[in-house]
Amino acid sequence: MIKNYLKIAWGNLLKNKVFSLINITGLAVGLTGFIVILLYLNYELSYDKWDPSLNRLYKISAQTDEEILEQTPAPLSGFLKENLPGIEATTTMQPSGDYGVLIAAGEKILYQLGSVEADSSFFKVFPYKIIIGNPETAMDRPNAIVISKDLSNKLFGNTNPIGKVIKIFNAFENEVTAVMELPDKPSHLDVQFVWRSPYEKENNHWLNYSYQTYIKTTQPGNIAVIEAKANSSYYQSQLKKGNETLEAYRKAGHKAGLFTEAVNELHNFPKQGNSNFTTVSVLLLLALLLLIAGAINFSNLSIAASARRSKEVGIRKVLGSGRRQLIFQFMIEIAMQCIISLGLALLMVNMVLPYFNQAFNIQISFLHAANAGAIALQITICLLLVIILAGLYPSLYLSGFNIIKVLKGNNASGTQGVRFRNILIVVQFAFAAFFITGTLVIRHQMRFMQKKDKGFSDEQVMRIEAIQKTREQGFETTRNILMGIAGVQNVSKTTMVPGDKMADTSTAAFKHAGNEYRMASVKVSNDYFNTLQIPLIKGRMFNNSYADENTRSAIINETAAKKLNLKDLSGAFISFPNCDSLPIQIVGVVKDFNVAGYENTVQPVVFTVNNKACMYQSGGGILVKINGNQVKQTTAAIEQAWKKIEPDFPPRFSFLDENFQQLFSTYTRLEKIINFFTLTAIFISVMGLFALTAFLTGQRRKEISIRKVLGAGLTDLASLLSKDFVVLVVIAVSIALPVGWWAANLWLQGFAYRVSLSWWLFVTAALIIIFIAVLTVSLQTIKAAIANPVNSLRSE
383 MIKNYLKIAW GNLLKNKVFS LINITGLAVG LTGFIVILLY LNYELSYDKW
433 DPSLNRLYKI SAQTDEEILE QTPAPLSGFL KENLPGIEAT TTMQPSGDYG
483 VLIAAGEKIL YQLGSVEADS SFFKVFPYKI IIGNPETAMD RPNAIVISKD
533 LSNKLFGNTN PIGKVIKIFN AFENEVTAVM ELPDKPSHLD VQFVWRSPYE
583 KENNHWLNYS YQTYIKTTQP GNIAVIEAKA NSSYYQSQLK KGNETLEAYR
633 KAGHKAGLFT EAVNELHNFP KQGNSNFTTV SVLLLLALLL LIAGAINFSN
683 LSIAASARRS KEVGIRKVLG SGRRQLIFQF MIEIAMQCII SLGLALLMVN
733 MVLPYFNQAF NIQISFLHAA NAGAIALQIT ICLLLVIILA GLYPSLYLSG
783 FNIIKVLKGN NASGTQGVRF RNILIVVQFA FAAFFITGTL VIRHQMRFMQ
833 KKDKGFSDEQ VMRIEAIQKT REQGFETTRN ILMGIAGVQN VSKTTMVPGD
883 KMADTSTAAF KHAGNEYRMA SVKVSNDYFN TLQIPLIKGR MFNNSYADEN
933 TRSAIINETA AKKLNLKDLS GAFISFPNCD SLPIQIVGVV KDFNVAGYEN
983 TVQPVVFTVN NKACMYQSGG GILVKINGNQ VKQTTAAIEQ AWKKIEPDFP
1033 PRFSFLDENF QQLFSTYTRL EKIINFFTLT AIFISVMGLF ALTAFLTGQR
1083 RKEISIRKVL GAGLTDLASL LSKDFVVLVV IAVSIALPVG WWAANLWLQG
1133 FAYRVSLSWW LFVTAALIII FIAVLTVSLQ TIKAAIANPV NSLRSE
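Numbering (the working numbering), first residue to last: 383 to 1178.
No lab work stands behind these hints: they were computed from the structure. Just so you know, even glycine gets a beta-carbon here, dropped at the ideal spot from N, CA and C. A portion of the hints provided could be inaccurate.
[Stated by the list, open to error] Restricting the straight-line Cα-Cα distance to at most 30 Å, the calculated cross-link-like pairs of lysine-lysine (DSSO-like) are: (1) K945 - K536; (2) K431 - K490; (3) K973 - K893; (4) K549 - K1025; (5) K1165 - K1105; (6) K633 - K463; (7) K531 - K567; (8) K506 - K431; (9) K1105 - K883; (10) K851 - K633.
[To be verified] Label-pair restraints from in silico Cβ distances: (11) N586 - E1021: 51 to 59 Å; (12) K531 - S615: 37 to 45 Å; (13) W1141 - Y998: 27 to 35 Å; (14) K883 - S1116: 36 to 44 Å; (15) Q1043 - F1153: 55 to 63 Å.
Turn these sequences into a full structure, and let the hints guide you.
Written out as structure tokens, the structure reads:
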């Protein structure tokens, strides 16, 4: 029986090739988008799930009354190990993130990402698999370094690396004690090598907020309970003043203490900060809408084609087929087409994935995924749901035809199928209008961010990566060398470079007029503001005075001036944390400028020159302003000069405008994906509407011919055939635009600086989708209207 059903289904598929092709292709496109995003979702959800013990790992951050600091005091790890019950191990570390650390082994020198400076307990907390060496003693030596298998192959080839020396920053010589195998699932922590610093003991003091702290409990625990116990001990040791209890301290409005997060939730469900899972969820929802649009298109065309199958249904019922058998037969036909769509979709997925991986800078695949079986099951369930969604109603509708009416040729009575078909058209075009609205809003916000005044000039400003010695003691020498190059206009340095992904956004508790104010601290050189052409609002810029050169004077931005409520700079002093004896005079206020994109507002910032007093800061880079007419020649000359300034370090250059654009990379990717979804949704809608119009126009050929013989013109016939569809599209737009406005407004809330939702965006979206629908319908109606009526009336 089933074999017979399959033969009939295959025969009907071949008999109606064009109709079937439209059905299968539309659904395949929807399935392609959905499967790609499903793979992406599985990839994101697999973060920090590569070992069962990761559910016992927690990240500890420092919390002030105003913010949460990822960096913690160096001794915090040891303190928690001694004072917190139920702790198996703790570790202190400094990951480099996106910063490439210079390493050398023999003749091989490279900048390597994934550096982690850590203490001896790192591998007792993080369960990386050691494949060469002893995991228990791998980090015991004060100069130990553990490298990944990939890095070992890169530096030493197939030879055993144990005992060999790797030079870090061209300064520290560390001995390879073990080789680790990286997990096959993603992690929030990028690790390629773990090493110990010779300055570990010197840096281990409570004023050093340069490290991250992780703890591993003996059993999975409640975050709130762990955090409460940690805060109780920390308060007694570090925060308590007098006899005030922790409860009284909290009631007074203080939030300072420790902040705890589960490691396996850091990437997708962090307790603070933005979550990447929000973007993934949005993409999954949009992909689901796209899939539903494809299924609706499939169902709609099946209902529209019911007239062609009506007599077949009637004859089968006369010959004894029951409704259940007919439903089963139609579901098999639909399932066959859906399975073919899935096969086509999988081929398209393999074509799309390389571009998707490149856009999102990830590596996902279907066949080689670690959880390929689970993904295959998800796709199978999805296919079954699509078969039910796309085929159930058409099967019920087709199998329910009245035998007598059908065999008399009266199969058009009743409006249930027409009403449902119209509802599906409305839903389908509502999705398309929603996607178009989203595309226009995202594009508008992207253009706004790209054109918005950042508060400084980043054109032709080169960022040079330099070691601390070059930035500090050797800066004046470096500056003089670079200023001697033709085309160089300015040279300066800063510990916070605008456009850096890894820009330090932490703040310090400055004191002013007896009160504490948390503001960011940035160390710069005298001509930093001239290099970036940042305007002075009040007071003076830095000069070569003794006060400026010895950190006795500061410049603040507008936001800091508002926070301090400074209207007059005369007699305005601040002091660094734990440095009250050295007051620093505020000598100027500069215009606010953005250094880290538009998601957050500009921070209050204190700018000082050099590192000669109070808080020592490292990091950042050297900035070189280049004449716009000599960029190539000047860049080449700088590169040659830099080989003499830092002969042991390969030069690393970039330009601020390009770096700043990289901050928008997440939204650029989102824009590309939404554009793809929009074009796909329009394609599916147009393809379905085109086929539907062609089918229904074909049913009305004789009516059109009679009207044409009686004098109806081309405009009259086009209006007659298209007005019903246009009304449905207008209804769809009326539904989609309010939903689009709500979704766009919700998305824009994530930006501190954003566009306003103008009415013209939604009017434009409405006009685009109406124009597309009218054009699609008109192509078929005009074709029918200009046809020779003799050909249609010949049988009468």
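Hint check:
1. Restraint check for K945 and K536: not satisfied, since their Cα atoms lie roughly 51 Å apart, outside the 30 Å limit.
2. Annotation: proposed proximity of K431 to K490 is violated, straight-line Cα distance about 34 Å (limit 30 Å).
3. A C-alpha spacing of about 22 Å is found between K973 and K893, which places the hinted pair at or below 30 Å, so the restraint holds.
4. Between K549 and K1025, the direct Cα distance comes to roughly 19 Å. Compliance with the 30 Å bound is thereby established for this hinted pair.
5. At roughly 16 Å between alpha-carbon atoms, K1165 and K1105 fall within 30 Å of each other, so this suggested pair holds.
6. Simply put, K633 and K463 have alpha-carbon atoms about 28 Å apart, close enough for the 30 Å limit, and the pair holds.
7. For the proposed pair K531 and K567, the alpha carbon gap of about 16 Å is at most 30 Å, so the pair holds.
8. Between K506 and K431, the direct Cα distance comes to roughly 17 Å. Compliance with the 30 Å bound is thereby established for this hinted pair.
9. At roughly 53 Å between alpha-carbon atoms, K1105 and K883 are farther apart than 30 Å, so this suggested pair is violated.
10. Simply put, K851 and K633 have alpha-carbon atoms about 47 Å apart, too far for the 30 Å limit, and the pair is violated.
11. The hinted window of 51 to 59 Å between N586 and E1021 is violated, with their beta carbons roughly 39 Å apart.
12. Remark: the range hint 37 to 45 Å for K531 to S615 is upheld by a beta-carbon distance near 39 Å.
13. Remark: the range hint 27 to 35 Å for W1141 to Y998 is contradicted by a beta-carbon distance near 54 Å.
14. At about 43 Å, the CB distance of K883 to S1116 agrees with the hint of 36 to 44 Å.
15. Hint check: Q1043 to F1153, Cβ distance near 33 Å, so the stated range 55 to 63 Å is violated.
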